[in-house]
Every structure is written in C-alpha cells, then in structure tokens.
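Visitor: Those protein sequences? They're chains A and B, same order as listed. If you count by this note's numbering, then the first sequence holds residues 1 to 126, one letter each, in order. If you count by this note's numbering, then the second sequence holds residues 127 to 493, one letter each, in order.
Check the hints yourself; a few may be wrong.
Here are the simulated lysine-lysine pairs, BS3-like style, with alpha carbons at most 27 Å apart [what the hints assert, rightly or not]:
hint	chain 1	residue 1	chain 2	residue 2
1	B	Lys268	A	Lys61
2	A	Lys91	A	Lys60
3	B	Lys186	B	Lys319
4	B	Lys467	B	Lys181
5	B	Lys423	B	Lys186
6	B	Lys268	B	Lys302
7	B	Lys181	A	Lys53
8	B	Lys138	A	Lys21
9	B	Lys268	B	Lys403
10	A	Lys48	A	Lys10
11	A	Lys48	B	Lys467
12	B	Lys319	B	Lys268
13	B	Lys181	A	Lys91
14	A	Lys114	B	Lys408
15	B	Lys358	B	Lys447
16	A	Lys61	B	Lys419
17	A	Lys89	B	Lys181
18	A	Lys114	B	Lys186
19	B	Lys358	B	Lys311
20	B	Lys447	B	Lys315
21	A	Lys53	B	Lys423
22	A	Lys89	B	Lys157
23	B	Lys302	B	Lys328
24	A	Lys53	B	Lys358
25	B	Lys302	B	Lys423
26	A	Lys60	B	Lys423
27	A	Lys114	B	Lys181
28	B	Lys181	A	Lys60
29	A	Lys48	A	Lys114
30	B	Lys311	B	Lys423
31	A	Lys21	B	Lys358
32	A	Lys53	A	Lys21
33	B	Lys157	A	Lys91
34	B	Lys181	A	Lys61
35	A	Lys114	B	Lys423
36	B	Lys403	A	Lys48
37	B	Lys408	B	Lys268
38	A	Lys91	B	Lys408
39	B	Lys408	A	Lys53
It is worth saying that the hints were derived from the structure and are not from the lab. As the structure is a computational prediction, the values presented were derived from the model and not from experiment.
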Amino acid sequence: MIENAFDISKELLHIEVEDSKINGYRFVTATCVDLGDGTLDVIYHFDKDLELKNLRVNIKKEDELPSISNIYFSAILVENEMKELFGLKIKNIAIDYGGHMLLSDEELDSPMAKQQIVIEQRKGDK
Amino acid sequence: MGKSGKQNKSAKTVIPFGPQHPVLPEPLHLKLVMEDEIIVEAIPAIGYVHRGLEKLTEIKEFTQNVFIVERICGICSVMHAQAYCQGIETLMNIQVPDRAKYLRVIWAELHRIHSHLLWLGLLADAFGFESLFMQVWRNREKVMDIMEETAGGRVIISVNTIGGTRRDMSPEALRKVAVIADEIKEDMKELEKVFMADYTVKHRLVGVGVLEPDLAYEFGAVGPMARASGIKQDLRTTGYAAYGELDFEPVVETGCDSYARTMVRLREVYQSVDLIKQAIGKIPDGEINVPVKGMPKGEVISRVEQPRGEVLYYLKANGTKNLERLRIRTPTFANIPTLLKMLPGSELADVPVLILTIDPCISCTER
C-alpha cells in the first residue's frame, strides 16, 4: 500500500477534495488503475510541504465520477486523459475535449483498459 | 455608440498557434481567442505524438522498463530512469550502494545543466538573439561531450539500473567532470551579463507572463515555474539519492515573470555545478550496484526533481515480471494549466516567449 492513502466513496470525493484545498494542498495528479474485475481505482494525489496525501476511489466502470476541475482547475488534463484512455465516465470537466484530447475517431476505445483475452483451449492430438 | 444604442466591441478572432511553429521544437497547439492584439482565452490541444509508453511498460518486463522510461524524454532521461529505479528498489527493499547514489546525482545534475542551457538557448532564439543562442549552445556541447566520455551517450546515457548504476567513473573522469563543470560556470558568468542586463532581453522578459505565487500554487506549478513565483519547492530537498548529504537550498526568485524564470534556470546551472563538485568531493569507494533477486510486489510512489520540476511515478506490481500499472505525471503536464492562466491579457507577440517560459516538453507530456 502507498503511504498516507485513504479509501473514500465517490459521494465523499468533492467534500474531501474541497477539504484538501482549504487545508492548502496542491493537486499533483490522479492515477487510474483498471483492476480487471469491472472496477477502476482512481487515486487523487495531493502535496503539502512535499508530503503526499492520496485519496482512492473505487468505482464500477459504468459508474460516473464527478469532476474535481471546478475545485482544482489543474485537473482538466488528467481527467480528460483518464476519460479517454480508461473509458472513465467523468462529468462536468471544466474543459471537456469530448474524447478527442488524445484519441482520434479511428482509435480503439479506451486503449489503457484491460482487455479480456480469451485463449482457446486446443485439444492436443493423441 | 451605434444606431442601435449598443456599444461597439472588437470582434473576437480565433488564431491557431502551432502545432507546427518555428518556436516549438515539438507539436503543441493553442487556440487563442483574441480581441485586437490581446488574448482573452487560450485552449490547448495535445495528442499529436502520444506514444502509449505507459501501456508498453505493462507488456515489457520490469527490468526492461528502465530503457523505456528513458525514452519518454531525452533531456530528462536520467531522472526518468532514476524515479523508476527508486520505485522498484523501494518495492523490492533493495539497498543501493552509496557510491551509486552519488553517481546518480552527478549524472542527474549534468543533465539538469544541459537541459537548462538548451532552454536558455531556445529562449534567446525565440526573441531573436541568434548569437546568444549559439554561445549558450556552444557551452552545452561541453556537457554533451563529458556525458559521452563518462557514459558512452550524449543524451540518453542509460546509466541507471535497478540496484544502482551500470557504469562507474574513474578518479580521472571525476576530476575531468569537475574541470568541465568549472569551465561551464565561467562561460555562463560571461553570458549571464547579457541575460541579466541587456536592454532587449529585459524588454522581452520583464513583466511578461506574471504568475502570482497563490495562482502558481493553485494551478499546480512545479519546478522553475513555481520557484520563480517565490514557492520554495524542490524535491531534492527530500534527500533522495545522495542529495541528503549535500548542502544546497532551492533557487527562488520573487519576480513571478518570464525574467524571474530565466534567472531561476540560470542560477540553477551554477547550483548544479556546485552539487556536482560537492558530490565528487564526497563520493565514497565501493560497489556501484547490487544484484536484483525476485519480483516486485505492492504499490509505491516515487518522485524526483527533473529540470522542469517534479515528476511522479506510481508503480503497482503483482509479484510477476510485468507491472500491473505504471503511471507517470511529468512536469510539463502540470505546468500547462499555468500557461492557460498566464496567456489571457497578454499580447500575441509575447506568446512564443510565454510558451517557452514553461519549458514545454511535449515528449514528456505525450509519454
């Protein structure tokens, strides 16, 4: 486990992020991790005096997550990135590229999402 | 007043800046909304050269990833490898030999010098001072040469490995590095006068792109961008590698403008020279790496101070040879929002300098 990490629900995300801002934390970035079981971990990293604080939200892939860009504007790029590369549903990003910050129309959907690889069981000759 | 009684207002014009532009070594596009010559809004567009390297690190073995992360960006390649190796070393509880820690500092600071000299040259070129650009880059060649001599490569030098370094430096090589570092310092002392006092240089930089300290912090500025706005933020002070054994203070300016950012990078060249000489004076004898056994497991965050600022590596390993996730937040990714804050209110003619002033690395951003 990473140090100073707190598991929170998506309902508490805005409250916790606002609390971080009030307490003088700098938004560093967010990390999306596809756990491969239909859920995603979204970890928000904050810094104060070179000490990190990490808020982890675990959500189902089909669930929506509120944007934090209305609290920390600097989250716009990473939120668009997570939205495109992982298919994470984030609503109300301050600048929403509509899925075209990194991806073009011809690109595969959500290239960073884990693909289910089905290996055909072949019967050997006897 | 018009017949309708409404006040005439200047029509807004949208001017695309980039992705191909003489001042940009790499593709970045900005949609500039203008009223006359003044910018009222700027919207960035990236993604022209995105390479999906984070995904590639999930496919390659964790030992091979050192070479991948070095190719995120040539100019910061040593620090990328250092951040990655530190993360794996923490996960696997590897104790890096002290000599390797000092070697990492020496090569990292050589990289910082060549990155800052590259930027100072590009800045001079951007405001049309060709001879200054050439003089700065001539000095930069000395760093490139000494890196080639000590590591075999001029840009991507591949010295870091999990458990230490892949190369050592002989006493003669260390002495030569110290001599070259002194030469660079002396050369830059001459050029410093131009950067600090030349009328045309100051005219293009002073008061341009002001980023107040509270806004710099709120918008997540890192590296020289933050330090030029008076924020004393430098990850080297956390003491990773051998920085904890060296005596230094973050270089901070309070001007908050493009001139202050230039001064921070200029002074950091001298600081790097000093750190290199301190490291050479204190480097102990001994091994340069330890063998790596087993596979990494767990989660860790590793951060180091690159020339452009803080880089963050998040690693998640599951006990196999492949990482489950490697996430990299590079400094330019953090500094782009500050650019969006600085541009509104500026004149179109200042855009090239303002973009350069964040020292944009699109290779890092498009990892």
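Visitor: Now, for every hint given, state plainly whether the structure supports it.
Guide: To see whether the hints hold, each was checked on the structure:
no., hint, in the structure
1, B:Lys268 to A:Lys61, "violated (52 Å)"
2, A:Lys91 to A:Lys60, "holds (15 Å)"
3, B:Lys186 to B:Lys319, "violated (49 Å)"
4, B:Lys467 to B:Lys181, "violated (31 Å)"
5, B:Lys423 to B:Lys186, "holds (16 Å)"
6, B:Lys268 to B:Lys302, "holds (11 Å)"
7, B:Lys181 to A:Lys53, "holds (25 Å)"
8, B:Lys138 to A:Lys21, "violated (34 Å)"
9, B:Lys268 to B:Lys403, "holds (16 Å)"
10, A:Lys48 to A:Lys10, "holds (23 Å)"
11, A:Lys48 to B:Lys467, "holds (22 Å)"
12, B:Lys319 to B:Lys268, "holds (20 Å)"
13, B:Lys181 to A:Lys91, "holds (25 Å)"
14, A:Lys114 to B:Lys408, "violated (47 Å)"
15, B:Lys358 to B:Lys447, "violated (39 Å)"
16, A:Lys61 to B:Lys419, "violated (36 Å)"
17, A:Lys89 to B:Lys181, "holds (20 Å)"
18, A:Lys114 to B:Lys186, "holds (15 Å)"
19, B:Lys358 to B:Lys311, "holds (24 Å)"
20, B:Lys447 to B:Lys315, "violated (49 Å)"
21, A:Lys53 to B:Lys423, "holds (21 Å)"
22, A:Lys89 to B:Lys157, "holds (26 Å)"
23, B:Lys302 to B:Lys328, "violated (35 Å)"
24, A:Lys53 to B:Lys358, "holds (19 Å)"
25, B:Lys302 to B:Lys423, "violated (41 Å)"
26, A:Lys60 to B:Lys423, "holds (24 Å)"
27, A:Lys114 to B:Lys181, "holds (10 Å)"
28, B:Lys181 to A:Lys60, "holds (21 Å)"
29, A:Lys48 to A:Lys114, "violated (33 Å)"
30, B:Lys311 to B:Lys423, "violated (44 Å)"
31, A:Lys21 to B:Lys358, "holds (19 Å)"
32, A:Lys53 to A:Lys21, "holds (12 Å)"
33, B:Lys157 to A:Lys91, "holds (23 Å)"
34, B:Lys181 to A:Lys61, "holds (19 Å)"
35, A:Lys114 to B:Lys423, "holds (19 Å)"
36, B:Lys403 to A:Lys48, "violated (31 Å)"
37, B:Lys408 to B:Lys268, "holds (23 Å)"
38, A:Lys91 to B:Lys408, "violated (53 Å)"
39, B:Lys408 to A:Lys53, "violated (34 Å)"
Checked against the numbered hints listed earlier, the structure breaks hints 1, 3, 4, 8, 14, 15, 16, 20, 23, 25, 29, 30, 36, 38, 39; every other hint is satisfied.
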